[in-house]
Amino acid sequence: MVLPLKLLFQLSVRNIFRHKRRNGMLLAAIVVAVGAVVCTSSLIRGFQYDMADAAVANLTGHVKILAPGYLDDPNIGKSFELAETWRPDVADEELAGWAARVRVPAVIMSERGTRGVQFVGIDPAQEHISFIGSVAVEGEHLADASDGRILVGRALAEQLETGAGRRLVIITQGHDGLNRESGFRIAGLYDAEGTGLEKMFVFTGVDTLQKMVGADVYTEISIRLRRDPVLFQLKASLVEFFTGLDVLNWQELEPQAAAMFVFADSAFFIWYFIMMGALVFGLVNTLVTSVMERVRELGMLRALGMRSRGVVAQVVLESSVLMLIGVAIGIATGWLAVLSMGDGIDLTQWAEGIEAFGMRGKLVPVPLADDIVLIGLMSVVLGVVASLYPALRIVRIKPLEALRR
Amino acid sequence: MNNDAVAVCSGVTRTYQEDSVPVHALRGVDFTFSRGDFVSLTGPSGSGKSTLLNILGGLDRPDSGTVSVDGVALNDLNETQLSDLRLAKMGFVFQSYNLIPVLSAQENVEFIMQLQGVAPAERAERAVATLAALDMADLAHRRPGELSGGQQQRVAIARAIVTDPVLLLADEPSANLDSATTEDLLRLLRRLNEERGVSVLTATHDPMVMKYAHRRVNLRDGAIVEDSAADGV
Ligand SMILES: Nc1ncnc2c1ncn2[C@@H]1O[C@H](COP(=O)(O)OP(=O)(O)OP(=O)(O)O)[C@@H](O)[C@H]1O
Ligand SMILES: [Mg+2]
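As you go down the protein sequences, you meet chains D and G in turn. Quick note on numbering: the numbering used here labels position 71 of the first sequence as 71, and the sequence is numbered without any gaps. Quick note on numbering: the numbering used here labels position 73 of the second sequence as 73, and the sequence is numbered without any gaps.
The shape of chain D in the complex, shown without the other chains:
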């Protein structure tokens, strides 16, 4: 005898409707749990992606090429030459952009103060891949690679008590090991998210900085991709091309952000199992009640000749059908909640604390289809597993014994 699935399905559905109130409440609990998981998981993803994005935008890129030893002791000696015609070996649709820079430690001076900074020579046309390409600037942004002015963070300008249009002196080590000193006019002040960046980076045209250090070299190339998956291939081909240089991906460059990224993955699962764990208790409880008050009826089905596995299948089906409906509505509800958040929750009121996590001011939910499918599948599997206990418990009672109750 194969399982009479149609019959079992019919019995399951009708039994669900038999206790509208109880099953309605259970359904509501499933909807709330699944909806909450969908909603929060997309916020966790939003947090995770935002954090990774911020890390990558922080002059890092997905992959970075550096001279060996530069990270431990950054100076113009740890640099490399680059052919005019070079460009990364990545398809256009996967490449967001790349930038070659000179980045050296420097001392910046005004009449009012002296600070240590990172002096970065950039080609503004390439910098749409980093935060400096999209910052708001009071005054003017750098015009091109040969711009001889500098761009200073607002926080640094306040410390140095200077402003756009004023002049500053910068001292750094030249390629020959001797110190160079030049005066620069401030083109504009930039506002980064978080004062840390504003105090750390001073920008000028890359040609200008190369002239100042006296060498036609670069200290880093950043490459940014549109999507992560090509990262591995890209890194491998770069390692081959740039023999003798270090090729690092963003996880190696920003280990803290990478660790948070992994943590967010586990947070997603931990949160899921907390919510679903609570739900499964309720589910098992309701199923045990509903099955136990039907001991006689289910015993009678077996007395008439339904095999034990038919009864097990009926109980499992009942739970699965309920779970499927709950999951469908729950996902829809969670999705609506995500939509209602629109372009994100404003976190600026807690921004001070949140920056520590490498986040920006806004939490934008990122609902991933993979996550939602996974949530749905795991929930239905959970529904099946939860119903096995009451189902097996009921068929352990002999039909005759069940009929006598």
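Each hint should be verified, as a subset may be incorrect.
Listed next, the in silico DSSO-like pairs over lysine-lysine satisfying Cα-Cα at most 30 Å (straight line) [said to hold, decoys possible]:
id: 1; chain 1: D; residue 1: Lys-20; chain 2: D; residue 2: Lys-398
id: 2; chain 1: D; residue 1: Lys-6; chain 2: G; residue 2: Lys-89
id: 3; chain 1: D; residue 1: Lys-235; chain 2: D; residue 2: Lys-78
id: 4; chain 1: G; residue 1: Lys-89; chain 2: D; residue 2: Lys-398
id: 5; chain 1: D; residue 1: Lys-6; chain 2: D; residue 2: Lys-398
id: 6; chain 1: G; residue 1: Lys-211; chain 2: G; residue 2: Lys-89
Label-pair distances were calculated between CB atoms; the ranges are [unchecked claim]:
id: 7; chain 1: D; residue 1: Met-25; chain 2: G; residue 2: His-24; range: 46 to 54 Å
id: 8; chain 1: G; residue 1: Ala-129; chain 2: D; residue 2: Met-25; range: 37 to 45 Å
id: 9; chain 1: D; residue 1: Asn-285; chain 2: G; residue 2: Asp-221; range: 44 to 52 Å
id: 10; chain 1: G; residue 1: Glu-79; chain 2: D; residue 2: Met-25; range: 34 to 42 Å
id: 11; chain 1: G; residue 1: His-24; chain 2: D; residue 2: Glu-293; range: 33 to 41 Å
id: 12; chain 1: G; residue 1: Glu-146; chain 2: D; residue 2: Gly-282; range: 27 to 35 Å
Hints listed in this document are in silico derivations from the structure and should not be mistaken for laboratory results. Glycine included, each C-beta is placed from N, C-alpha and C at the ideal position.
Given the coordinates of chain D, work out where chain G with the ligands should sit on it, guided by the hints.
Below, chain G with the ligands alone, put in the same frame as chain D:
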């Protein structure tokens, strides 16, 4: 007459352990039930009627002795095989009607055929015909909760006979019915027995039931004390 036997018990004993005191429900029962028989199993309360019926129906197992139904030795079967045997060969009518509350009368009657894998059209046809034969055609789409006790018992009987079982086992089928309904029910069983050749075994206290049977088997303290032809009405 052995090939005419639908059920044979020999030396069947069944002992229950009640608070570590053994209760001998059956103490060596030998019994042959022939095709086309209409037997009433009588005896005082606790004499072992239900126990014998359940053992014959493959719902319970004897502690010793053998039982065979339609040539199949039940002792050799495992639970699943017993379950399949009940499905294929037995019809049960219980004291309380034991219909499936979420199914209509007709669906209840179709239920066993559905388990047996009978095609939908044939199933419906047979269910409708059987319900009609029991004067229940008009109520076929009602659920058990919307039927009287007598009507529910008719549905239970329709369900039991629609598959043409080898053996129809009825344990106190009239216990919850008034005497007029009981009389109807008995006439019905009698008719099924005569017209369709259904073999009927009922356990009962009810003298009216005994009146309708062809053969009366009297149990006392777990043993058969009388096995005689009854007149029938
Ligand atoms: N599951 C059980 N556990 C313990 N004792 C049982 C069980 N089932 C039956 N008995 C005992 O076995 C004996 C026979 O019971 P059985 O139900 O067969 O009697 P019966 O003739 O059908 O009685 P009644 O007319 O009251 O239905 C009784 O003494 C009863 O108490
Ligand atoms: Mg009894």
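Structure-based check of all given hints:
Simply put, D/Lys-20 and D/Lys-398 have alpha-carbon atoms about 29 Å apart, close enough for the 30 Å limit, and the pair holds. Between D/Lys-6 and G/Lys-89 the CA atoms are separated by roughly 23 Å; this keeps the pair inside 30 Å, and the hint holds. Taking the CA atoms of D/Lys-235 and D/Lys-78, the gap is about 20 Å. The hint holds against a cut of 30 Å. Of the pairs offered as hints, the one joining G/Lys-89 and D/Lys-398 holds, with about 20 Å between alpha carbons and a cut-off of 30 Å not exceeded.
Annotation: proposed proximity of D/Lys-6 to D/Lys-398 holds, straight-line Cα distance about 25 Å (limit 30 Å). Between G/Lys-211 and G/Lys-89 the alpha-carbon distance is near 27 Å, which keeps this suggested pair within the 30 Å criterion. Between D/Met-25 and G/His-24 the CB atoms are about 50 Å apart, so this pair conforms to the stated range of 46 to 54 Å. Under the hint 37 to 45 Å, the C-beta atoms of G/Ala-129 and D/Met-25, about 43 Å apart, fit the expected range.
For D/Asn-285 and G/Asp-221, the hinted distance range of 44 to 52 Å is satisfied, since their beta carbons lie about 46 Å from each other. Taking 34 to 42 Å as the suggested C-beta distance range, the pair G/Glu-79 and D/Met-25 conforms, at roughly 36 Å. Taking 33 to 41 Å as the suggested C-beta distance range, the pair G/His-24 and D/Glu-293 conforms, at roughly 34 Å. At roughly 33 Å, the beta carbons of G/Glu-146 and D/Gly-282 sit within the given window of 27 to 35 Å.
When held up to the earlier numbered hints, the structure conflicts with none and fits them all.
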